[in-house]
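**Student:** This is what each chain is made of:
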Amino acid sequence: MSAMAAHVLGEEPSYLEAGGRGLRSWILSTDHKRIGILYLVCMLSFFLVGATIGVLMRLEQLTMGPTIMQPQTYNAMFTVHGVIMIFLFVIPGLPAVFGNFFLPILIGAKDVAFPRLNLLSWYFFVTGAVLAVTSLFTGSGPPDTGWTFYAPYSIRTGTNVSLAVFAAFVLGFSSILTGINFVTTIHRLRAPGMGWHRMPLFPWSLYATGWVQILATPIIGITLLLVILERFFGIGVFDPAKGGDPLLYQHLFWIYSHPAVYIMILPAMGAITEIIPTFAHRTIFGYRFIAYSSVAIAALGSVVWGHHMFTSGMGEMANVVFSLLTFLVAIPSAIKVFNWVSTLYKGSIVVEPPMLYALTFIFLFSIGGLTGLMQGALAVNVHLHDTYFIVGHFHYVMFGGTGFAFFASLLYWFPKMFGKMYNRTVAIIAWFPLFIGFNMLYFTMLVLGVMGMPRRYYDHLPQFHTAHVIATVGSWFLATGLLILLGNFVVALFKGRKAEANPWGGVSLEWTISSPPPMENFEQVPTIAGPPYHFNPAVHR
Amino acid sequence: MSNAIPQPHTLPSAAHHDYAGSKIAMWLFLFTEIILFGGLFLLYSAYRAKYPHEFHDGGNELNYVIGVINTLVLLTSSLSMAGSITALQKGSRRLAMLLVGVTVALGAVFLVNKYFEWMVKFHHGLYPNGPELLKRPPGQVLFFGLYFTMTGLHGLHVIAGMVLLSIMLVLLARNRIRQDDYGKLENAGLYWHLVDVIWIFLLPLFYLAA
Amino acid sequence: MTQLALEADHGHIVPYPTLIKVWATLLVLTLILTFVSKVFHELLAVWAMLFITPLKAGLVFYFFMHLKFEGPLLKGMVLVALSTLVIFIGMLFFDVSFR
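So the sequences go chain by chain: A, B and C.
All the letters of the first sequence, read from the start, carry residue numbers 45 to 585 under our numbering.
All the letters of the second sequence, read from the start, carry residue numbers 7 to 216 under our numbering.
All the letters of the third sequence, read from the start, carry residue numbers 6 to 104 under our numbering.
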């Protein structure tokens, strides 16, 4: 119905209509909901590009020797795959889309603390993305260093490292500004009555994440800047010929990039924590444990970076310290898993698509976490470092973890964001090739790694061949599942039936407003009277 | 007991002022600057531990008199900056503007000193990949590499601070910053003070390393 | 208008004399630091630096940046940020010192 008619009837126009519908009204909008959608569209596009590169990489490994590309191209492929997936999808991840859209709503606010800064964050994101894409096509070709840009190779290689690294530098600003915005928003804009311990757990996770974004990202900023300075001016800090120490590059790089994985996973865990109580129709088990464990993970996760460097030449003392701390950081994560599972106990469980994918998250993330522990053991790490085991591990946590949480969140919040319901049966159908393909692809990688297959190798020996074929076929199932899942959403945007305000029976604030929400979220700012996950056991679907 | 601020039930769509929130956000931004430079301090500390004698020798070659003078310049600029806020709070807009102007001017003095310092070094071939520097032992190469990187990055921030404060001057002139609405000036001041604090650390690390 | 009345309307004001005293202290500390570094042997110079420099920074934070008069939230945040940097450098030395 037109905005005018809705207004006449006393209904407020939704944010999709109010403020205009043209392109300009979107890319100049400071409405947190629109900004969330802007991020969503960009990020899913980049995800598809990155996934395509992944499929191509797997095609190359379908046969021994060259299949569809030469070694230099393969090196560029895994570099660009990593850069796109990490910097353009997983790190912005849930905060950029669901944090932007739902943080203000979940705390009863009308927007974030600094809406214009929010838009600037998106501009930085787009600029960084454009620069990254440009680096593929200009100069001496796309970087071939791996997304980790290790010195001294990153200093010496002729490929377009400086531009790619500068792109990542610009993207860092997007992350930092989002972190500042969210932390301030949570401190200052909670609705009356919402003390810290009445705040839902997704905002708690965004708060912890915000601090990591603020305190860790500048380190990668300076590191990337130094790579550029090294390449242009030869300062010497990472050049052994000038007395520099390449290991210091690794330290600086991982001081950010390890906490970065917590930027990736903490909001994902937070979103899962919103979804599970809704479909178990029970309050979350151990609210304070989940809240504080987010903070603990952020804190502990900032002092374990050395576990990426066990075989690089660090001293034994450092190895032992980082290994010990790595084991410790698993504890708060495990606490979350125990709490989610305990929430299910004696719940009235309904397996709608969001719940199915959330439960899958728990399973896949657990495998990822456990394999991480294995890598944290020094003696084991000697054999597993730089093998496919690592690749399998991080895909389980980043894709099985954050990726599936992203899908679950989209399945959960899509009706609220767009006012349309997708085809739930198709969403469940998509799960099968997704789940089977995912495990065919990545569990096989774990096996390959234990067998000794090195990562970032363009070719493989005969003893690894069967496993590689299985993995590649798995990638085809996975890609199929992705296309069905995402295609379903696109169809729903145009042809989905109208969604109600509360299709799932949720009890948090976003379900009290219309689908899609009005421009300023709440006609009247709510007053909060009790804890966030209050389910009345007598009343459920 | 909740510490959330109560919000009026009909909020205008335009951004409303949250003085405390803006201050928190500014401090959070300053943390990113602290960590940014922190990465360089981290490198410095590692290399100082590795090449103590070369760092000592390198320090001897820097002109500590200019270093100390520049320190006094920045410290004084911090005084004028803080003073400008006190002035505005007490209602003296003219004095506030004057003091902000003094701050910017002192920043310029700092940069001029820095320029001459660097020129002298360049003239002697002491710059990254410069002829004289390449003859020196590795520890000294790193010392000067870090010297130019850290003072250079700091200098960029001095320039940024001067631009920021010039904008504040304009806003003061147009009465957009006033006795009852001075948060912007305070936040700009915070940035300037941080630039001063970074220099406070750079002085002993490079000029007094001997 | 009295100081108290001004502050009620315009937030806490740091008086000029305080600012000048802090500035003078900073100047003196700088000169002491320079003197100790140039005249005395290295160990004393290092200790002077390790003690005086954070003290100077602290004065700027506390008085010029108004931190002394801010609430526990802001003070806590600054502590978290500074501790983070210290911990990063400290943990690095688990490697650098033992290689």
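Treat the hints as calculated values from the structure; they're not laboratory data.
Values in this document were obtained by computation on a predicted structure and should not be read as measured data.
The reader is advised that the hints may include incorrect statements.
[Unchecked claim] Using 25 Å as the maximum straight-line C-alpha spacing, the simulated DSS-like pairs for lysine-lysine come out as follows:
#	chain 1	residue 1	chain 2	residue 2
1	C	K43	B	K29
2	B	K29	B	K127
3	C	K73	B	K96
4	B	K127	C	K73
5	B	K190	A	K154
6	B	K29	A	K154
**Student:** So, for every hint listed, does it hold in this structure?
**Tutor:** Comparing the hints with the structure gives:
no., hint, result
1, C/K43 - B/K29, "40 Å, violated"
2, B/K29 - B/K127, "40 Å, violated"
3, C/K73 - B/K96, "20 Å, holds"
4, B/K127 - C/K73, "41 Å, violated"
5, B/K190 - A/K154, "23 Å, holds"
6, B/K29 - A/K154, "20 Å, holds"
Of the numbered hints listed earlier, those contradicted by the structure are 1, 2, 4.
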